[in-house]
Amino acid sequence: MSKTVTPWLDNLLQEIEGIEIRRKDSRRVRIDIAADSLPTLLELLRGRAGYVHLSAITCVDWIDESQFELVYQLWSYESQSLVSAHIRIAREPGVYVSVFDLYQPAAFFERDIHEMFGVYFEGSPDMSKFILTEWNGPPPMRKEFDSEAWVNETFEWKDYQPDWLKEITEQGGGIVKTPEETRQKNP
Amino acid sequence: MKEIDIPIEASVGQSRTNPLARVFDELVRFCRSRSMFMLHYCTGCGAIELPPAMTSRFDMERLGIQPMVTPRQADILLITGYVSIKTLKRVILTYEQMGSPKYVIGICSCTVNGGMYWQSYATAKQLDQYLPVDLYIAGCMPRPEAVLEGMRKLMDRIRSDEADGWKDYYRRYDWYLGNQQHLFGDDWQTPADVIGEASHYDLAGPGTEGEHTRLLQQCQKPLEPQQTFFQIGGSLEKKGEFHE
Ligand code: SF4
Numbered sequence: 001m002s003k004t005v006t007p008w009l010d011n012l013l014q015e016i017e018g019i020e021i022r023r024k025d026s027r028r029v030r031i032d033i034a035a036d037s038l039p040t041l042l043e044l045l046r047g048r049a050g051y052v053h054l055s056a057i058t059c060v061d062w063i064d065e066s067q068f069e070l071v072y073q074l075w076s077y078e079s080q081s082l083v084s085a086h087i088r089i090a091r092e093p094g095v096y097v098s099v100f101d102l103y104q105p106a107a108f109f110e111r112d113i114h115e116m117f118g119v120y121f122e123g124s125p126d127m128s129k130f131i132l133t134e135w136n137g138p139p140p141m142r143k144e145f146d147s148e149a150w151v152n153e154t155f156e157w158k159d160y161q162p163d164w165l166k167e168i169t170e171q172g173g174g175i176v177k178t179p180e181e182t183r184q185k186n187p
Numbered sequence: 001m002k003e004i005d006i007p008i009e010a011s012v013g014q015s016r017t018n019p020l021a022r023v024f025d026e027l028v029r030f031c032r033s034r035s036m037f038m039l040h041y042c043t044g045c046g047a048i049e050l051p052p053a054m055t056s057r058f059d060m061e062r063l064g065i066q067p068m069v070t071p072r073q074a075d076i077l078l079i080t081g082y083v084s085i086k087t088l089k090r091v092i093l094t095y096e097q098m099g100s101p102k103y104v105i106g107i108c109s110c111t112v113n114g115g116m117y118w119q120s121y122a123t124a125k126q127l128d129q130y131l132p133v134d135l136y137i138a139g140c141m142p143r144p145e146a147v148l149e150g151m152r153k154l155m156d157r158i159r160s161d162e163a164d165g166w167k168d169y170y171r172r173y174d175w176y177l178g179n180q181q182h183l184f185g186d187d188w189q190t191p192a193d194v195i196g197e198a199s200h201y202d203l204a205g206p207g208t209e210g211e212h213t214r215l216l217q218q219c220q221k222p223l224e225p226q227q228t229f230f231q232i233g234g235s236l237e238k239k240g241e242f243h244e
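Read top to bottom, the protein sequences are chains A and B. No gaps in the numbering here: position 60 of the first sequence is 60 in the working numbering, and each next residue is one more. No gaps in the numbering here: position 132 of the second sequence is 132 in the working numbering, and each next residue is one more.
Derived from the structure by calculation, the hints contain no laboratory data. Mixed in with the good hints there might be a few duds.
Said to hold, decoys possible - What the simulated footprint calls covered on chain A by chain B, stretch by stretch (three residues with Cβ under 8 Å from a Cβ of chain B suffice, anywhere in the stretch; the number is not a length):
#1 132-142
#2 153-166
As the list claims (entries may be wrong) - Lysine-lysine pairs mimicking DSS-like chemistry, simulated, CA-CA at most 27 Å apart:
#3 A/Lys166 / A/Lys177
#4 A/Lys158 / B/Lys153
#5 B/Lys86 / B/Lys153
#6 A/Lys143 / B/Lys221
#7 A/Lys158 / B/Lys221
#8 B/Lys89 / B/Lys221
#9 A/Lys158 / B/Lys167
#10 B/Lys221 / B/Lys86
#11 A/Lys129 / B/Lys153
#12 B/Lys89 / A/Lys158
#13 A/Lys143 / B/Lys153
#14 A/Lys166 / B/Lys89
#15 B/Lys221 / B/Lys153
#16 B/Lys167 / A/Lys129
In this text, a Cβ means the ideal position worked out from N, Cα and C, and glycines have one as well.
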């Protein structure tokens with residue numbers, strides 16, 4: 001078996017509407033596809049082309065375009081090649097369909113994305129809290145969540161100029177660059 | 001489940017009369033400082049420097065410091081690095097299980113003021129708001145030499161009776177509990193009866209009880225044995241229930 005993405009796959013995929021295929025190199029293909037067609041594509045890739053391993057689902061928050069991008073990374077052991085399928089869904093209400101029936105590891109990825117971005121996957125077996133069991137705030141990876149502001153609101157900071165440090169500073173030691181300087185955003 | 005009343009006799013108001021008591025105290029403190037068992041709760045990346053500090057290269061054991069596997073047998077709780085809010089709960093549970101006297105060492109800059117995770121929503125920033133820290137060893141991460149130096153410092157402080165963070169936890173429990181409730185919510189509770197322990201050790205002060213401990217008592221749910229299931233030869237048996 002050759003270690004490339006087989007050309008017949010291209011022909012097969014051209015049958016799907018609204019698809020854009022870009023070859024990154026001989027063993028990597030990027031596919032942009034309409035959200036509606038993704039389950040069909042995955043079914044084709046899994047059933048007909050040997051892409052049996054879903055290595056990850058990643059989510060990107062494009063807040064200016066009011067969209068979430070979901071990237072499905074698929075790996076084929078036979079042709080040793082990677083296909084990444086990109087879709088965009090609307091940020092509101094942020095609902096998409098689960099691919100758990102095709103790839104069972106998707107349950108974990110979807111649960112994680114639900115927790116971090118608030119995207120709801122219909123048909124996923126478990127959408128309850130996963131890692132952030134102690135977290136009651138908004139999904140923290142969404143771009144509108146300001147982690148720094150939340151931290152400043154929740155925690156207090158220790159004094160960086162305590163008395164004992166002054167002695168050390170007089171002897172030529174101490175803090176070179178204060179955290180306040182570091183924290184100042186560049187204008 | 002039957003409740004058993006164990007009478008606790010506290011030596012309230014009794015002052016020591018034995019003139020040799022102080023000599024013995026000093027001896028006890030010396031021995032205590034030379035035999036420390038540490039529970040290293042490896043919360044963050046700072047734990048990487050501990051294996052060389054413990055093993056043959058730097059050999060902590062020559063100072064009498066050894067790793068210990070359970071909190072109930074340990075003297076030192078070593079927090080090695082950033083503490084996420086989720087971990088902090090477990091750290092507090094662990095700390096309250098340890099027998100007094102107990103000491104907490106915060107290794108790494110992350111325990112001092114958040115370190116490089118200062119703007120992260122997931123980590124607690126100052127460890128000493130939630131637990132009484134006896135000693136900080138700053139650095140990202142501190143070298144084994146620094147860890148040993150810090151340990152020697154703690155030994156000195158134990159010998160001179162300055163390392164009394166555990167007493168502070170009893171005396172100002174209300175403040176510590178308030179900070180814990182601020183992070184974990186009002187219904188935060190631990191199995192340990194800290195106020196009872198404080199009066200047992202004769203360490204209850206004006207800061208032991210307050211508005212936060214009242215809130216704790218309001219929200220307290222009775223402890224129940226955890227139900228665990230395990231399988232013996234095909235049948236499911238329930239553990240944690242009492243059979244007659
Ligand atoms: S201070 Fe540095 S080494 Fe220590 S836990 Fe923080 S990031 Fe890790």
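Hint check:
1. Check result for the segment 132-142 of chain A against chain B: holds, 7 residues qualifying (beta carbon to beta carbon below 8 Å, three or more required).
2. With 6 residues having a beta carbon nearer than 8 Å to a beta carbon of chain B, the segment 153-166 of chain A meets the requirement of three or more and the stated coverage holds.
3. Of the supplied pair hints, the one linking A/Lys166 and A/Lys177 holds, its CA atoms being roughly 14 Å apart against a limit of 27 Å.
4. Between the alpha carbons of A/Lys158 and B/Lys153 the distance comes to roughly 22 Å, so the proposed pair stays at or under 27 Å and holds.
5. Note on B/Lys86 and B/Lys153: the hinted pairing is violated, with a Cα-Cα distance of about 30 Å set against a maximum of 27 Å.
6. Annotation: proposed proximity of A/Lys143 to B/Lys221 is violated, straight-line Cα distance about 38 Å (limit 27 Å).
7. With a CA separation close to 34 Å, the supplied pair A/Lys158 and B/Lys221 exceeds the 27 Å bound.
8. Between B/Lys89 and B/Lys221 the CA atoms are separated by roughly 17 Å; this keeps the pair inside 27 Å, and the hint holds.
9. Between A/Lys158 and B/Lys167 the CA atoms are separated by roughly 22 Å; this keeps the pair inside 27 Å, and the hint holds.
10. Simply put, B/Lys221 and B/Lys86 have alpha-carbon atoms about 21 Å apart, close enough for the 27 Å limit, and the pair holds.
11. Between A/Lys129 and B/Lys153 the CA atoms are separated by roughly 43 Å; this puts the pair beyond 27 Å, and the hint is violated.
12. Simply put, B/Lys89 and A/Lys158 have alpha-carbon atoms about 21 Å apart, close enough for the 27 Å limit, and the pair holds.
13. For the hint linking A/Lys143 to B/Lys153, the alpha-carbon distance of about 45 Å lies beyond 27 Å, and the restraint is violated.
14. Of the supplied pair hints, the one linking A/Lys166 and B/Lys89 is violated, its CA atoms being roughly 35 Å apart against a limit of 27 Å.
15. Of the pairs offered as hints, the one joining B/Lys221 and B/Lys153 is violated, with about 41 Å between alpha carbons and a cut-off of 27 Å exceeded.
16. For the proposed pair B/Lys167 and A/Lys129, the alpha carbon gap of about 37 Å is over 27 Å, so the pair is violated.
Of the hints listed earlier, those the structure fails to meet are numbers 5, 6, 7, 11, 13, 14, 15, 16, in rising order.
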